[in-house]
Each structure stands twice: as C-alpha cells, then as structure tokens.
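Student: Line by line, the protein sequences are chains A and B. Just so we're aligned: the first sequence equals residues 1 to 354 in my numbering. Just so we're aligned: the second sequence equals residues 1 to 354 in my numbering.
The hints are simulated quantities; they were obtained by calculation from the structure and are not laboratory data. Treat the hints with caution; some may be incorrect.
Quick list of in silico lysine to any residue cross-link-like pairs, SDA-like style, CA-CA up to 20 Å [unchecked claim]:
| hint | chain 1 | residue 1 | chain 2 | residue 2 |
| --- | --- | --- | --- | --- |
| 1 | A | K300 | B | E196 |
| 2 | A | K255 | A | R354 |
| 3 | B | K300 | A | R279 |
| 4 | B | K300 | A | R246 |
| 5 | A | K300 | B | G280 |
| 6 | A | K300 | B | Q242 |
There are 2 protein chains.
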Amino acid sequence: MRYATRLQFLRYFVVVRTATLRDVARHAGVHPGTASRALNPRTRRLVNDETAERVREAAEQLGYRPNPIARSLKTSRSASVGVVIPDITNPLFPPIVRGVEDGLYPAGYSAWIVNTDNDAERESALVSSLRSRQVDGLIVATARLQHPLIEELAAENFPLVLVNRRIESPSVPAVTGDDARGVALAIRHLAELGHERIAHVAGPPWTSTGRGRHRAYRETLQELGLPVDPGLVAGCEAWSEQEGARALSRLLAKKARFTAVLAGNDLLALGCYDVLNERGLDCPADMSVVGFNDMAFVDKLRPPLTTVRIPHHQIGAEAARLLLDRVENRDTPVKSILLPLTLVERQSAAPPAR
Amino acid sequence: MRYATRLQFLRYFVVVRTATLRDVARHAGVHPGTASRALNPRTRRLVNDETAERVREAAEQLGYRPNPIARSLKTSRSASVGVVIPDITNPLFPPIVRGVEDGLYPAGYSAWIVNTDNDAERESALVSSLRSRQVDGLIVATARLQHPLIEELAAENFPLVLVNRRIESPSVPAVTGDDARGVALAIRHLAELGHERIAHVAGPPWTSTGRGRHRAYRETLQELGLPVDPGLVAGCEAWSEQEGARALSRLLAKKARFTAVLAGNDLLALGCYDVLNERGLDCPADMSVVGFNDMAFVDKLRPPLTTVRIPHHQIGAEAARLLLDRVENRDTPVKSILLPLTLVERQSAAPPAR
Numbered sequence: 001m002r003y004a005t006r007l008q009f010l011r012y013f014v015v016v017r018t019a020t021l022r023d024v025a026r027h028a029g030v031h032p033g034t035a036s037r038a039l040n041p042r043t044r045r046l047v048n049d050e051t052a053e054r055v056r057e058a059a060e061q062l063g064y065r066p067n068p069i070a071r072s073l074k075t076s077r078s079a080s081v082g083v084v085i086p087d088i089t090n091p092l093f094p095p096i097v098r099g100v101e102d103g104l105y106p107a108g109y110s111a112w113i114v115n116t117d118n119d120a121e122r123e124s125a126l127v128s129s130l131r132s133r134q135v136d137g138l139i140v141a142t143a144r145l146q147h148p149l150i151e152e153l154a155a156e157n158f159p160l161v162l163v164n165r166r167i168e169s170p171s172v173p174a175v176t177g178d179d180a181r182g183v184a185l186a187i188r189h190l191a192e193l194g195h196e197r198i199a200h201v202a203g204p205p206w207t208s209t210g211r212g213r214h215r216a217y218r219e220t221l222q223e224l225g226l227p228v229d230p231g232l233v234a235g236c237e238a239w240s241e242q243e244g245a246r247a248l249s250r251l252l253a254k255k256a257r258f259t260a261v262l263a264g265n266d267l268l269a270l271g272c273y274d275v276l277n278e279r280g281l282d283c284p285a286d287m288s289v290v291g292f293n294d295m296a297f298v299d300k301l302r303p304p305l306t307t308v309r310i311p312h313h314q315i316g317a318e319a320a321r322l323l324l325d326r327v328e329n330r331d332t333p334v335k336s337i338l339l340p341l342t343l344v345e346r347q348s349a350a351p352p353a354r
Numbered sequence: 001m002r003y004a005t006r007l008q009f010l011r012y013f014v015v016v017r018t019a020t021l022r023d024v025a026r027h028a029g030v031h032p033g034t035a036s037r038a039l040n041p042r043t044r045r046l047v048n049d050e051t052a053e054r055v056r057e058a059a060e061q062l063g064y065r066p067n068p069i070a071r072s073l074k075t076s077r078s079a080s081v082g083v084v085i086p087d088i089t090n091p092l093f094p095p096i097v098r099g100v101e102d103g104l105y106p107a108g109y110s111a112w113i114v115n116t117d118n119d120a121e122r123e124s125a126l127v128s129s130l131r132s133r134q135v136d137g138l139i140v141a142t143a144r145l146q147h148p149l150i151e152e153l154a155a156e157n158f159p160l161v162l163v164n165r166r167i168e169s170p171s172v173p174a175v176t177g178d179d180a181r182g183v184a185l186a187i188r189h190l191a192e193l194g195h196e197r198i199a200h201v202a203g204p205p206w207t208s209t210g211r212g213r214h215r216a217y218r219e220t221l222q223e224l225g226l227p228v229d230p231g232l233v234a235g236c237e238a239w240s241e242q243e244g245a246r247a248l249s250r251l252l253a254k255k256a257r258f259t260a261v262l263a264g265n266d267l268l269a270l271g272c273y274d275v276l277n278e279r280g281l282d283c284p285a286d287m288s289v290v291g292f293n294d295m296a297f298v299d300k301l302r303p304p305l306t307t308v309r310i311p312h313h314q315i316g317a318e319a320a321r322l323l324l325d326r327v328e329n330r331d332t333p334v335k336s337i338l339l340p341l342t343l344v345e346r347q348s349a350a351p352p353a354r
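Can you build the whole structure from these sequences, using the hints too?
Tutor: Structure representation (structure tokens):
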C-alpha cells in the first residue's frame, strides 16, 4: 500500500470504529467476560438464556462482529486449513476441494486454496505464507513420492493429510482411491472383451498414482496370463492431454502391436483420443481406450469414455475429517484411508477388430 | 474443540514456543524496530544492506515467521480477499478463481473461496464469516439482478467487485463479458448458415446473463429481419444440464418449428444434446446448437460444441486488480469492465436440412 493511501485508510478506520466486545457488554449491562461467553458457541451454555439473549440483541444492535483474528492470536489458531493443489482448472480438483469445504464447514473451519503449478519453489513459498497465516493444518494434493517439504512438515508433527497421492514414507496420513483394484477392474474388462495386447500410457513415475497404476497394470496382466511387454508402456512427464498424446504417438510410431490402451488418467486418455482422431483411427473399432478418474463430462465425449470412477468429493470430505482429528489431537495415530473404485462402462472399449 | 484436547494443545504450544521478532532482534544485535523494518518488504530499504542481511540470517536460524495476524489486527487488514461463487464444481468457475488468484498473488494477497449453492441464507452466513475474518474485499460471482446483500455491502462502501454477472444498480463495479456482442456473433453465424427460425433456451431471468442474452437474442433477430416469436423461447430455472434438457423438451413437445437453438450457456447446451440424443435427432443435421462460455472440454463433445468464448481467466484477473484498487482507495470512482467475446466455430452448427 502506498503511504498516502495507507494514512487515508487508517484515518477512515478511526472514524468508523466498529463496536467492540466491551461496547456490547456495556450495552447489555453485563461483564465483558459474560458477553464473550454468551457470544461464543462453545461456551454459550455457561450463560443463562435470558442474559445470552440480551447480549445477542446488544451485539446485533451495535453491528458487533466477533474478531476471530484477535481470538486466533491468543490461541495461535485461525479455524482455517490450507489446501495445496496443482491447479484448480484441472477438473480433478474442484470436486476434491468442494469435498474438503463440505467436510470443514460444519466444524466452522474455512479453506485457503493455493495453486502450485507443481513448482516446488512456488509451493514452498505458498506453504510458508499459509503457515504465517496460522492455518491449523494442510491438505496436500501435490505429493511426489520424494517430497522433502512434506517430510519436513511431518517431522515437525504439523497436522497434514495427503489427498489423491501419497509419499513414499508411510508416516503421513493419506486419503486415496484403491488404485490397484481400479486398474484390475479396467484390465479385466478389456480382457473379457477379448483384448490380449493392452498398452499403458503411464503417469509420471514420481507420483504414487503414476507408479502404482503402472505396477497394478503389470500385476493384473500377469495374473490373467496375458503378455507383459515393456514395449507396450509409454511414460508421461505430466498428467496432461499433451503428454498423453505424445506417449501414444511414440507407441504407434514404433509399430507396437496392441488393440487397447489403459490411460493413467482421463486427461491422458483425452490425449489418446486426439492422436487417434488425427490418424483417422476409430475408437473403439480400431483401438479401445480406458481412462481413470471419471472426471466431469467424460460421459459426453466422442465416444463416451469408459473409465474408473474415483469418489473425489468423498476423498476431500474424508481428508477434512481426518485433518480435523489431527488438529484436535496431534498424537492421533497416523492412518490412511483407501476408498473403493468402480468401473464405469461407456463406449470407448469394445471387442478388438478381427 | 473438546476441553481435554484443548488443554493438551495449549500445553503443546507453550512448550514449542516459536521465535518472536524480539528474539530475532536480540540474536542480530539490533533494535526490534530495526528488525521489523528489515523483514518487511515495504520498509526494507530504510535499513542498510549489511544490517538487513544480519536480521534475515537471524530470522532464518531461529525459524522466525512474521505474524501477519498480529499485523492485521493492528490495521484490521489481513491481505486477503473473499471470493463468493455458486459452486466450484461448475466448470465456469475454476478459471475465474484461478484468474483472481493470479491477479492477487503478486500483491501478496490470498483468496478465501466459498461456495453458496445459490442459497441466499448460506451466502449471507458465509459473507459474515468472511467479514469477521477481516477480508479486505469481496469478489462476487453469485449476483442476481435484485440482490439485497450486495446492495447493503455497496451502501457501506465495502470494497466489492462482481464477476460474470451484475446487479440492476450500476453502483457496483463488475467485470463481465460483452454478452450482447457475443449473442450477435452467434445469431449472425446461424443466420449465415441459413437458419431462420432460431429458438432460445434462456438462462434464469433474475440473472444479468440470463436476461441480457435473451434481450440480445431478440434484438439481433430483429436487426436481421428474422421472426421474433415468443413461442421459440423456453426459460430455465437454473444454469444446469437438467434445466436445459427440460426447456428444449418443452419446445419440442409443443411442436414449435425451429432448426437451431441458441443455448444460454454451455451447460444448458449439454442438456439440449441429451434431449436430441434421446429422441434420435442428429446434431447438427437435424438441429444446430450453439452454446455460450467455451468451458473446458466442449471441444471434445459429440459433436464438438460451437460456442461463444468468454475469457474467464482474464475476468478473474481484472476483477482482482479492480478490487485491489478499491481496497487501496475506497473513493476510486466505480467503473465496470466489459471484455470482448469471440465465436468458436466447431461442429454443432451447420446449414439446416432442406
């Protein structure tokens, strides 16, 4: 703020001074401590109903607003939680964020949402900023398997819950989908349709989701007695349409033989759609594609995408509850929650051409 | 918080007391006022470089974190802004929110995002909560044409910027797309393709976008000398797929004669797609559909949606700048910003069948 406008602001503020707790107490004819108890939901029952009502009326008449900043300064608590995500415009995250907010709302907590763009430096600056705002804990959706910042926070015993992805160390609670089971559902579906050579467009190997889904892909093929061919796997550097397109193009360019693709997530599957489209290949007649996430509107794609549904809203809500438990008691034993996934069969997977 | 765990928490906090500014000053061998100036980006240049560096090092060694809550208590400012949206899972809002955050970030402000579900009571509770957290201003995306809460805030001269939608009164700054021009682009495109009887699935009339686009639809038809038939307009109660589907069904049920539909937004257009699909009507061969917004992934729909593009990220970023101007100086004259729109021609609009 420029100095001139800052002075102007301070002057403005002095003139329109808002009512304090002391004003309310005086107006209601009670001690400030009584007024404070009457206005705090946690202590209201310590005051008799008639007095509480008189204080409430005085507060309303004076336009008094309790000052949670003053309160949080005393207790170093702000009834708020930081939510660290890569990018709110990635359709994976709005339902998680909404779930977090719905989980926090009844407890009177609010969420600060920050976007890191998966940039470690930006993330570190944002987390510092959140902590200097005295957030009570963090919900983090940006985890890489090796993640020094998260490990530091965990070592400090700072309340922390990971969503969607985990880190290598089991010391941090996480709420994720049961990816191994989800991949098995997808591969079994393709096998039942008659596919034998199934490729995998794999997510980044430094994410638990990328690595875990890749491992589950290999394991399920093995269980089913289908060929496990490393030449049928192309890895991506990011969870993006562009990377999905590049990966499938590489597989097609080297003339790998396959009739179906399991994409690491729906955005990678969208990239596969683009490549098939460009090359005049029909999905599913020439190539089946299965995604992962069931993000919004994939039922309206051309063709509607067969994919594994992850309950993102529930992931967010469970994470909020887990975090609030840890905020209340930092010695709560670490636990992680694995939510069941389902396969949503639409029109992008069909029997292979003969 | 339960009392037992609250006591436990306070005990914990006493034990691990974090470093204060006074500790940093002592460690660096300077006066606390000097340490404060050295650590505040706004006043750093008032301290010589060598001293500033010594203070910075001391702060780092002690793990000192400046306490913006203490600072905001003094000035009643928290360097934060509330963002009031209907629902983050509506794909319209993530890019607006991201734009707001990108606009606030360089100024050191953060955003609190709250979802109202278009429920006036919930909205009022959330706005009270934001104000009691001392936000510096609000960016509001939930405006109805008649909106007592927004009018109250404006009357108080509370810093406020509307995005996407406006209220009836011109006293509140707003950042929106130039809808009238956008509708004209869409209707002219349909007319050029040869459509004469163009229906409108209109958004809720208590929103500026719903009413404004409906008015522009009539005006453009008139200008082009095409029939303006109230029987070709069906209104929606909400901006949702379900409402879009219900509206088009009503038009089809009463055997209204038309070959193209302008949908009030993309979600309403998606509802139109569903109805055409159910009735075995082909888009665009049997019926052209044009949307509004160009939300994420409508280029991948079946068929890819022709729609009017609104620069949502830019709307958010402009709103953040406008709001920061007002926070710095509440007497800044009210101005509104209208951003130009473009038509994105894809495959959902084609010449009518003969």
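Student: For every hint, state whether the structure bears it out.
Tutor: Here is how each hint holds up against the structure:
1. A:K300 with B:E196: Violated, at roughly 28 Å.
2. A:K255 with A:R354: Holds, at roughly 18 Å.
3. B:K300 with A:R279: 16 Å, holds
4. B:K300 with A:R246: 18 Å, holds
5. A:K300 with B:G280: Holds. K300 (chain A) to G280 (chain B) sits at ~16 Å (cutoff 20 Å).
6. A:K300 with B:Q242: Between K300 (chain A) and Q242 (chain B) the Cα gap is close to 14 Å, so the pair holds against 20 Å.
Of the numbered hints given earlier, the model fails hint 1 alone.
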